[in-house]
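Enquirer: Put chain B on the given structure of chain A with help from the hints.
Residue-level listing of the chains:
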Amino acid sequence: MNTNMENYFEKFPLSSDLISHLDQSNKLINDLSKILSWLFQKRTQEHSSESEKVTEYPSELKNFIQGGSLTELHTTSEEDITPSSWLDLLTTITEVVFHIFSKGVSTLFEVEEKALLEIVNRFSRIKEVRSIYVQHYQDEICVYVLLSISQYNERLMDQLLDEEYAVRKKYSQLVFEFFYPPAGILEKEDFIHPKARCIYIK
Amino acid sequence: MYLYKVEMADRDIHLLQAMHNEEVANMLIEKNPYHDWGITAAFYALIHYFEYWLFNQPEKHTETSIPVDKNGKLRYTPHAWREKLIEKKLSKDAFKSFRKLRDASETARYLSLARIQPGGSIKWIPKPAPQYFNPNDAKSLVEKALKTFKKEIGIKILFS
Numbered sequence: 001m002n003t004n005m006e007n008y009f010e011k012f013p014l015s016s017d018l019i020s021h022l023d024q025s026n027k028l029i030n031d032l033s034k035i036l037s038w039l040f041q042k043r044t045q046e047h048s049s050e051s052e053k054v055t056e057y058p059s060e061l062k063n064f065i066q067g068g069s070l071t072e073l074h075t076t077s078e079e080d081i082t083p084s085s086w087l088d089l090l091t092t093i094t095e096v097v098f099h100i101f102s103k104g105v106s107t108l109f110e111v112e113e114k115a116l117l118e119i120v121n122r123f124s125r126i127k128e129v130r131s132i133y134v135q136h137y138q139d140e141i142c143v144y145v146l147l148s149i150s151q152y153n154e155r156l157m158d159q160l161l162d163e164e165y166a167v168r169k170k171y172s173q174l175v176f177e178f179f180y181p182p183a184g185i186l187e188k189e190d191f192i193h194p195k196a197r198c199i200y201i202k
Numbered sequence: 001m002y003l004y005k006v007e008m009a010d011r012d013i014h015l016l017q018a019m020h021n022e023e024v025a026n027m028l029i030e031k032n033p034y035h036d037w038g039i040t041a042a043f044y045a046l047i048h049y050f051e052y053w054l055f056n057q058p059e060k061h062t063e064t065s066i067p068v069d070k071n072g073k074l075r076y077t078p079h080a081w082r083e084k085l086i087e088k089k090l091s092k093d094a095f096k097s098f099r100k101l102r103d104a105s106e107t108a109r110y111l112s113l114a115r116i117q118p119g120g121s122i123k124w125i126p127k128p129a130p131q132y133f134n135p136n137d138a139k140s141l142v143e144k145a146l147k148t149f150k151k152e153i154g155i156k157i158l159f160s
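Chains A and B supply the protein sequences, listed in that same order. Residue 202 is where the first sequence ends in the working numbering, and the numbering goes up by one at each step. Residue 160 is where the second sequence ends in the working numbering, and the numbering goes up by one at each step.
These are computed hints drawn from the structure, not numbers from a lab. Certain hints may be false.
[Said to hold, decoys possible] If you want the ones that stay clear, here's a sample from chain A, every Cβ over 10 Å from chain B, calculated:
id, residue
1, Glu110
2, His193
3, Pro194
[Said to hold, decoys possible] The following label-pair restraints were derived from C-beta to C-beta distances:
id, chain 1, residue 1, chain 2, residue 2, range
4, B, Lys151, A, Lys127, 37 to 43 Å
5, A, Arg155, B, Met27, 25 to 31 Å
6, A, Tyr165, B, Gln131, 25 to 31 Å
7, B, Glu63, A, Ala166, 44 to 50 Å
Ideal placement from N, C-alpha and C gives every residue a C-beta, glycine not left out.
If we strip away everything but chain A, and leave its shape as in the complex, we get (with noise of 0.2 Å):
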């Protein structure tokens, strides 16, 4: 669990948008707290006997977390928290902490699906636009938008530049990197590597 955080992590560092997210999230914060201070108060008991429902904690301390009631937690019948149990607990407590972090943000490559659908999206408007093409290299993605025209233009290229601009601001987790070859539409193979795909054709 803690690799897969810090994975996690390492690709999807936290975001502008994501501590703004967490800010709203202050039931949440408060439930985990809550539930902190309780464990705690369990583990200062100190009680050696290993109860049979203790292995039940963990996921009955993500519902109560996922399920946002705390009353049920404080009615739970005092079942004692055994230090063989103490490391799984803190798993769970890793799990939930990574339940409320990721809660409102997909994975990376949900995200990214995303930022290719509003590229389409953005792109396919301006008429001089022919097709998409994607591809990864190393971490960054990049998108080859192909031009119909066959001499440079400045306004055109403002339009485009506008709607990038737009894009890495919204999706700025990923780094892109944008190419604006001119372009006819059938010979993409003399520009784009054959494994690219295709988001877009006009």
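Expert: Same frame as chain A, but now just chain B:
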């Protein structure tokens, strides 16, 4: 003279190289049919102007600040990372100036493309970059982009 250059900071080297490239750009855009290379020289001027500015930022250099994965491999190319830094740290106008010059310079260097003929049929039309870029468009592009970008990062240098 030699010792003076050796002792200069990287930051100053970037500025000197940027100024040199800008001078070359300004010469070439006036000399049809070599104006396409003026665009490329201007793009390399912008890169050095940006690196000059970046030197006093936490990242210091584009190349040395590229994020790595857990195996130490670079996650992005220097070009992509530089554009990310520009997008994050500078204005939209500066970003667009940089992007325009980068895109145009790549087209200028690698142009050999198919064209759509009048009437709709698709044929290969050999058309080198000097014809793709109207000399006046190239001049306007270079002058506006350099002016906007330099203003953004606080460089006021005039060439006589």
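Enquirer: To test your reading of the hints: which numbers does this structure violate?
Expert: Failing hints, ascending: 4 and 7.
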